[in-house]
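Note that the working numbering gives residue 259 to position 249 of the sequence shown, counting from 1, and the numbers run on in steps of one.
Derived from the structure by calculation, the hints contain no laboratory data. Warning: the hint list may mix true and false statements.
As the list claims (entries may be wrong) - Simulated pairs of lysine-lysine, DSSO-like, Cα-Cα distance not exceeding 27 Å:
#	residue 1	residue 2
1	Lys81	Lys70
2	Lys175	Lys238
3	Lys257	Lys281
4	Lys58	Lys70
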Amino acid sequence: MERLDLYTKHVETLLEDGQAYYAWETPEELDALREESQKNKFAFRYRKREYTEEQLLQYKEEGRVPVIRFKVEQGRTITFNDLVKGETSFETDQFSDFVIVKADGIPTYHFAVVVDDMEMGITHVIRGEDHLTNTAKHILLFEALSHPELPYFGHLPLMMNPNGKKLSKRDDPNEVGLVLIHQFRDAGFLPEAVINFAALIGWNPGTEQEIFTMDQLIHEFGIERVQKANARYDFSRALWFNSAYIKNLDDADFVQKVKDYLYLYGDEEWKEICEHTDQKYWQSFA
11 MERLDLYTKH
21 VETLLEDGQA
31 YYAWETPEEL
41 DALREESQKN
51 KFAFRYRKRE
61 YTEEQLLQYK
71 EEGRVPVIRF
81 KVEQGRTITF
91 NDLVKGETSF
101 ETDQFSDFVI
111 VKADGIPTYH
121 FAVVVDDMEM
131 GITHVIRGED
141 HLTNTAKHIL
151 LFEALSHPEL
161 PYFGHLPLMM
171 NPNGKKLSKR
181 DDPNEVGLVL
191 IHQFRDAGFL
201 PEAVINFAAL
211 IGWNPGTEQE
221 IFTMDQLIHE
231 FGIERVQKAN
241 ARYDFSRALW
251 FNSAYIKNLD
261 DADFVQKVKD
271 YLYLYGDEEW
281 KEICEHTDQK
291 YWQSFA
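Throw the hints in and build the complete structure from the sequences for me.
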């Protein structure tokens, strides 16, 4: 509730300044407006509508609960320097006055994320390319709430499956390969191999080096080398990295990792073997 009170305080500021307003249309009425726009062959953009006192009284008698929309200033160009994409611009005329508080009183993502970033002093916002358009809306909200300094924004390329579609947890592992962290863990992948594999999807160090320790990745990584185009997910590369890391283990480390894996993810019989079998037995696997 305390967090909701914070959002409410900022919403009230926008309402008082005339930068936000109540909108009373039902979903069915909005659908009708969209259909009308399609018939007339122009894109639907919601703009502030004036209601008569009779309409407002009727809406309240019907039990309607309004949403709160942010009033988008028209005729502006929002330009920002994206850390990955470079200079990026959007025209405000392409945006509707968007909802910032739903009818149930809960703020939308657009509003909540801006308030959260302000309150936490966020300096860098790094997210997927699918949020690129949202950034223009968020900049408008930062400005309306008088935030003194915008965060830096960076939009990472999307990860595409071999079929050219956005990688999804719903993808068939038989077609795409493993995509979820617990799937890699359950299949016995080494964490270092998974990290190394993931780090090189959509980023390169500018050299031929492929195997990196965590310290090396931290030292070498720079967002300026993140590619602008969408990245391709290639599970065969994950298998290669895992194989390379296993080959680089010495016998003692290999044995210990096998024991740890079997104890944590094997059945009760394997737990019993791990607890009561001497080291000579395990060394035979190395």
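Quick rundown of the hints versus the structure:
Using a Cα cut-off of 27 Å, the hinted pair Lys81 and Lys70 holds, with the two alpha carbons roughly 23 Å apart. A C-alpha spacing of about 17 Å is found between Lys175 and Lys238, which places the hinted pair at or below 27 Å, so the restraint holds. At most 27 Å may separate the alpha-carbon atoms for a hinted pair to count; Lys257 and Lys281 meet this at roughly 25 Å. The suggested pairing of Lys58 with Lys70 holds, with an alpha-carbon distance near 19 Å, which does not exceed 27 Å.
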